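Trainee: Here is how the chains run, residue by residue.
4 protein chains.
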Amino acid sequence: MASPKPDAKAPYTRKDFPYFSTIQTRWNDNDLCGHINNAVYYTYFDTVVNGFLIEKGLLQLGQAQTIGLVVETLCQYFAPLAYPDSIDAGLRTRKIGTSSVTYEIALFKKGCDTAAAQGHFVHVYVDEKTRKPNPLSNQMRSLLHQLETPQ
Amino acid sequence: MASPKPDAKAPYTRKDFPYFSTIQTRWNDNDLCGHINNAVYYTYFDTVVNGFLIEKGLLQLGQAQTIGLVVETLCQYFAPLAYPDSIDAGLRTRKIGTSSVTYEIALFKKGCDTAAAQGHFVHVYVDEKTRKPNPLSNQMRSLLHQLETPQ
Amino acid sequence: MASPKPDAKAPYTRKDFPYFSTIQTRWNDNDLCGHINNAVYYTYFDTVVNGFLIEKGLLQLGQAQTIGLVVETLCQYFAPLAYPDSIDAGLRTRKIGTSSVTYEIALFKKGCDTAAAQGHFVHVYVDEKTRKPNPLSNQMRSLLHQLETPQ
Amino acid sequence: MASPKPDAKAPYTRKDFPYFSTIQTRWNDNDLCGHINNAVYYTYFDTVVNGFLIEKGLLQLGQAQTIGLVVETLCQYFAPLAYPDSIDAGLRTRKIGTSSVTYEIALFKKGCDTAAAQGHFVHVYVDEKTRKPNPLSNQMRSLLHQLETPQ
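As they're listed, the protein sequences go chains D, V, B and E.
In my numbering, each residue's number is its place in the first sequence (first place is 1) plus 7.
In my numbering, each residue's number is its place in the second sequence (first place is 1) plus 7.
In my numbering, each residue's number is its place in the third sequence (first place is 1) plus 7.
In my numbering, each residue's number is its place in the fourth sequence (first place is 1) plus 7.
Treat the hints as calculated values from the structure; they're not laboratory data.
Just so it is clear, the structure is predicted and the values come from calculations on it, not from any experiment.
Hints may be right or wrong, so weigh each one.
A pair holds if it fits inside one copy or across any two, identical chains being indistinguishable in the list.
[Stated by the list, open to error] Calculated cross-link-like contacts (lysine-lysine; reagent style BS3-like; alpha-carbon spacing at most 30 angstroms):
hint	residue 1	residue 2
1	Lys136	Lys22
2	Lys139	Lys16
3	Lys139	Lys116
4	Lys16	Lys136
5	Lys22	Lys117
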């Protein structure tokens, strides 16, 4: 596995993201240390990505023939977040392949321009039954390109 | 953030790990897709690392003056895991710094020699009050070196 | 333990509640059956009650000398809720004792007047260190009475 | 909803239960207060009940034509539990109806004979597609009666 060093970028800012949604924190997101537990950030990432797909009509839960399998996730934590913070989540895409997409997500505390955490989420879209990769539809590919950012 | 490509190593096998513990899955670890949700893997990682530290007398919950802040986590998912699987978690260390450690964790299904998932977890040890880095104690450093593996 | 029968009331409606807040569901709130997992409802209850206390200045996380220990929780499930539903949570109080309160919470799907689920949450307020019951402050008692409903 | 008073029984002891399984706690089961969060107890209940059904061959995840809908859950908390405690969960049945069952679960800390928490879980078994109640099979009814305890 790669060292954390090469990944250790400066935090993103809000202008780096074309799409935002709001995450409501919950009391038990906080752990013993008084901050949101590291695993909980990934439930935010999941919700941001799937919320975007649902909003755009690209994901119908329970009726999907193509589902997004998660093959890699990463998160870097720069500054603490804690309930009852309200969080703005920025979303963008990178590396749109034949049947896979890398989503990048950054979490911003209200009033802060610098990400408190950021990471990625790699989806491979597969047939729900055979679990073999399905090429992205033209509609989905077009939409994902609208969120694309140069590397 | 780095591309997933350079990280895309082959799955580890059991012989790559000097320490194991067992993870019991729970009914609601499974999500809509019938497999353990990607975020839940990180609760396993947390439990493996902290369980090791508690077992070795290096972490007393509620009394700690030094706490491990998580600064980066990553997971790669190779094969599905699902409740009611029982999981063997392998643990090892890498990059033991002055006040930080990279833990590597791999999850093995019972009877499988190849990891279903693997990832890392970077802890920076800080003073509980000031949140400034604290150098690792000699006792802890010595123990972490016993789990070290060459890169 | 009492039979579920005596508790088996008809679902509440919105007019039964003096205070509401909104709950944002998350992708992994849904379980294998495609609905929000029964345990997750209690994380909503927790968030509604603590959110109310924080909003009213009665709970400062991390600085509290008096904390609310949960001694009993109950939930009845009438109709399914699922991500990505947005949920309105109604809150009211009953049985305001010397150092304890019973909160009643009902969850309404947007556009529905009848509760999809309802339950209670009994808090005993204790000293954070000694864990002995602390009488409710006059300020808190007065606020809780504003949410009170006749039985 | 009923007052907590009529429910306020003395904690059960181990001899009250014919079946036990072990629950492994996780680091992030603990919340801000240093104890297992009230909602997490229900994930234990879920796992105990479904684990029993799977062990006895009565539940095949992903292939079930009959599923257990949860219609009511309750938990009373007598004494704190916290990670890294190992927990013994006792299970018994009551009120075995045509298509419904009330399970009672109690959680015991290792070495303690008195329950730290106890509660119930009411399942109605329904057809997976129509969601209409399905009568319990003879096999299941027979098994549930083995766990029955007089009220």
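Trainee: Hint by hint, note whether the structure agrees.
Mentor: Quick rundown of the hints versus the structure:
For the homomeric pair Lys136 and Lys22, neither the shortest alpha-carbon distance inside one copy (40 angstroms) nor that between copies (33 angstroms) is at most 30 angstroms. For a Cα distance limit of 30 angstroms, the shortest separation of Lys139 from Lys16 across copies, 21 angstroms, qualifies, whereas the shortest one inside one copy, 34 angstroms, does not. Proximity of Lys139 and Lys116 under a CA criterion of 30 angstroms is satisfied inter-copy only: 22 angstroms between copies versus 39 angstroms inside one chain copy. When the C-alpha separation of Lys16 and Lys136 is checked against a cutoff of 30 angstroms, the pair qualifies only between copies, where the shortest distance is 27 angstroms, while the shortest distance within a copy is 39 angstroms.
In this assembly of identical chains, the alpha carbons of Lys22 and Lys117 lie at most 30 angstroms apart only when taken from the same copy (15 angstroms versus 33 angstroms across copies).
Violated hint for the displayed structure: number 1, the only one.
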